[in-house]
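Student: Start from the sequences and build out the full structure, keeping to the hints where you can.
Mind the numbering: the sequence shown is residues 93 to 162 in the numbering used here, read in order.
Nothing false has been slipped in among the hints.
Using C-beta positions, here's what the derived DEER-type ranges look like:
#1 ASN129 with LYS159: 28 to 36 Å
#2 LEU99 with ASP142: 15 to 23 Å
#3 LEU131 with LYS159: 28 to 36 Å
#4 ASP95 with VAL147: 29 to 37 Å
#5 GLY96 with PHE118: 17 to 25 Å
#6 ASN136 with PRO162: 15 to 23 Å
#7 ASN140 with VAL98: 12 to 20 Å
Only pairs whose alpha carbons sit at most 25 Å apart, straight line, appear in this in silico SDA-like list of lysine to any residue:
#8 LYS122 with ASN107
#9 LYS159 with ASP109
#10 LYS127 with ASN107
#11 LYS127 with THR101
Think of the hints as simulated: they come from the structure by calculation, not from any bench. Here a beta-carbon is modelled for each residue, glycine too, at the ideal position from N, C-alpha and C.
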Amino acid sequence: CTDGVVLVTIAGDVNGDRVVNCFDLFVMGKAYGCKPNSLNWNPNVDINCDGTVNVLDLAIISTTYEKIWP
93 CTDGVVLVTI
103 AGDVNGDRVV
113 NCFDLFVMGK
123 AYGCKPNSLN
133 WNPNVDINCD
143 GTVNVLDLAI
153 ISTTYEKIWP
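Tutor: The following block contains the structure:
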């Protein structure tokens, strides 16, 4: 990162509001099934960094759902 901000938060907080909730699921729904060359690709939603937004990323959100970053 040469310019900009890096936000450290909970795994699953894909929209950066420091809480894992339905808004993160909405963002995931828009990118579900996408890969880096897809139109709706969002690297924040590829939580496990395997190059695909899929059920594995959804599982991570489910384990941290409703958690808030301190």
